[in-house]
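Engineer: Please model the complete structure; the sequences and the hints are all you need to start from.
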Amino acid sequence: MYQYNTDDTAFLVERVDQFEKQLDRHLVGDLDAAKFRSLRLRNGLYMELHAHMLRVAIPYGILNTEQLRALADVADKYDRGFGHFTTRQNIQYNWIELPQIANLLRDLSSVGLHAIQTSGKAMRNITADPFSGLTEDEVEDARPYCELIRRWFNIHPEFSWLPSKFKMAINGAKLDETALQIHDLGLKIVRNDAGELGFASYVGGGLGAAPMVGPEIHPFVPVEDIISYLESVLRIYNLKGRRDNLKRLRIKFLVREHGAAEFAKMVDEDWQHGKDDPALKLNMEELTKLKQDFTLPIESLDLVDFKDTLDINYSIWKTNNVRTHKVAGYSVVNISLTQLGTAPGDATSEQMRMIADLADKYSNSELRTTKRQNLVFPYVRQDQVYALWQELEKSDLASPHNGTLAHVVACPGADYCDLAKAVSIPIAQQVQQRFDDMDKLYDIGPININISGCENSCAHHHISDIGLLGLKKNEQEFYQITLAGETLQETVIGRKLGRSIAGAEVVDAIEDIVNIYLDNREEGENFVDVFKRIGIASFKEKVYG
Amino acid sequence: MVEDSEIISVVNEQGESIELLSVDEWIADIDSNVESGKGVVVTPADDVELLQESLHKIPLIALDFVSFDDGRGYSQATLIRKRWGYSGEIRGINAHLDQLQFMLRSGVNTYDLQEQYQGSNERDYTHGFSICYQVAANNDGMKQKF
Ligand code: SF4
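Here the protein sequences come in this chain order: B and P. Quick note: the first sequence uses our numbering, first residue 1, plus one each step. Quick note: the second sequence uses our numbering, first residue 546, plus one each step.
Derived from the structure by calculation, the hints contain no laboratory data. For clarity, every value in this text was computed on a predicted model and none was experimentally measured. Careful: at least some of the hints might be erroneous.
Label-pair restraints from in silico Cβ distances [what the hints assert, rightly or not]:
| # | chain 1 | residue 1 | chain 2 | residue 2 | range |
| --- | --- | --- | --- | --- | --- |
| 1 | B | Q430 | P | D614 | 37 to 47 Å |
| 2 | P | K602 | B | N5 | 43 to 53 Å |
| 3 | B | R106 | P | N666 | 12 to 22 Å |
A virtual CB, placed ideally from N, CA and C, is assigned to each residue, including glycine.
Structural biologist: Here's what the structure looks like:
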C-alpha cells in the first residue's frame, strides 16, 4: 500500500507546528475570533458550545491497520473512547480539549494522518470509490489520481480562501459509488475513441436546500492536463464566485447563474493559458510510480475445490456483505459499524483495534471506508470468509441486518448537532425495531434509508431510495420524505412524496412505502426500478390516502 | 479601506513615495499617469484584466487583502505575476500574518500588515512550510513536490 514519505510527514509536522502557534495566540488573545475560526476550520476543528469536534481526513477512504490503531489510540487518549466515521470518509472526535489538539495531530502525523482542509472554505478530502482497484470492469483504478490531486490541493497558495467549501469526487468505475455529480466537482475517468485516458468533468452538484445534479462541463480532459484544468475551474470560482450572499456561496450558484455552457466557456478560456505550461502537466513519472505503489498486494488463487460452509445465518450475511473480487479466489467484505440501537458510524476504540487485528489477519492490513459508514476489507481469501464471519459474529459486527433496510444511514441529528431541526438516530432505531423480522428483511432486500436532521443533508437523504429530512414546525418535528434518489447508474435527486409527516407517524409511512414496493415488485426489480415503472402516485395514495 | 481614501500612497522598495490610483483612474489616462509615476491599488472586486495591456508601465501594484476570508487577491497576484510576467513591485496591503506565505507564493513581494502581533515571529508565517505541492508564482527556497 502507498505510504507517505519523509517529506510528506515533515509537511504534516510543519502544519501542526504552525497551527499550534495560532492556537496559542488565540488563547492569549493575540488572534481575533473571526480569523482564528477561519484557520481552525482549515485544521478540522469545530468549537461547539460544550465541546470541540475534530474531523480527521481519511484520504480517499483508505486506511492501513497502523493508522486505524492510531485512530483508536486518539479516541482513548484525547476523547471518550470512540470516533464517528462520517458519510464523507472522514472520522470525527466529539470531545476534544483545545490544549491537546497539537499533540493529537502530532500523534496522527506519525502515521500519515491529518486534519488538513477537512473543513472551512477550502478544497476538501476527495471522495473515492471504496472498491477502487477491486472491480472487474473498472475503467481505471482511481487511487493514484486521487493521491496526485490530493497533493496538489494541500495548502494551495492561490485557492485556500475560496467563497465556500469545495468538495471533489473521483470515480474510475462503471458504477458510481462516489455520487460524483452531487459534488462541487466530479471527475469521471473515461477513455476516448483512441483509447486514451481522461476525465469527464462535472461541476456544481450539491445537496442541501437547493439540490443540484452537477452538469458536465468537459467530456474529456486528458490525464496529463488535469491539474491545469482544475486550476482554471478553481480560478474562475475564486474570482467570480458569490461572496456577498451567504446563501449562494457554493459553486453551484455560480454555475446556475451563468448556465453550464457559459461556465464551461469561462473555464476553457482560462485553461488556454495554462494547459501548455509544462510545469502544470501532471507528473507522469510520479503517476507511474504511484501505480506501482498501489498495485494490489494479492495474486489470483486456484480455489476450484473449495466449498464454502453451509450455514443459514452465514449465507444471509454473505448475500448482503460479500462482493466478488476481480482477483480470482478473493472477496471484498463489508463490515457495518451500524449496530441496532447505536449511532450509525460510531466505533469504540476497542472495536477499531479489533477490526485492525482482523484486517491484519484477513485483509493484508488494509481497509476502506464508505459513504454508508461501513468499513470494507478489500482482500479476503474466499476460503477465509467463513472464519472472518465467525470472528465478526463473536464481536457483534456481523449483524445480518447489514446491507438490508435496517441498515439506516443517519446523521447525528438533534441528539448531537446544534444545527439540527429534528432527531435522526431515534428514527433510525424505530425503523430497525419495526423491521426486526429477518425473513422479511431478507425478502425486502437492500433498500436504502437515509435520514438528515436538517437541510445541510449530511446523511445524503436526497440520493437514497427513501430519504428523510428533519424539519421543525410549531416546535414539532416533521420529516419530508423523498423517494428513489440514486447515483450508481445515473444521478437522480429523490422526488418529494408530499407534505411532511410528523415524527410519530413517519415509521408508519416508511412501512407503507416498503409495502407498495413489495406489492408491485416484479422479478429482479429493485426499489428504483419499481418507482420508475409505477410512478409516485401509488406511494402517495398509500401514505396519505 | 481604499474607499475611505485611507491609503493614498505607499513607500516603495526604493524608499520613494508612490501615489496610488484606482484601476478606473489608472486606465482613464494611462500616459499621464505613467508620466507622473502613479501606482495602482486593486481591490478584491476589481477585474485585473483591465490592467493587462498597460501592466508593464505600472511602477507598483498594491493588492488589498482587507478581508481575511476573501481570497481573490491570490488569484489576482497569480495572474499579474505568473501569467502576465509583471516584474515590478506587488505590494500586499492590509495583509494578514497568518496568510503571508500564501501571499508571497502567489507573487506578492512586499507587504504591509493590517495588524501587528507582539511576540509572533513573522518568519514562522512567511516560511512556515518548507515543502510545496504545486506550481506557484514564487516557490523560492521550497522543496517542490509535484
Ligand atoms: S444534516 Fe443537519 S443535523 Fe444532521 S449532522 Fe448535518 S448539520 Fe447536523
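Engineer: Determine for every hint whether it applies to the structure shown.
Structural biologist: Do the hints match the structure? See the list:
1. Q430(B) <-> D614(P): 37 to 47 Å: With a Cβ separation near 41 Å, Q430(B) and D614(P) satisfy 37 to 47 Å, so the hint holds.
2. K602(P) <-> N5(B): 43 to 53 Å: holds, 46 Å
3. R106(B) <-> N666(P): 12 to 22 Å: The hinted range 12 to 22 Å holds for R106(B) and N666(P), with Cβ atoms some 20 Å apart.
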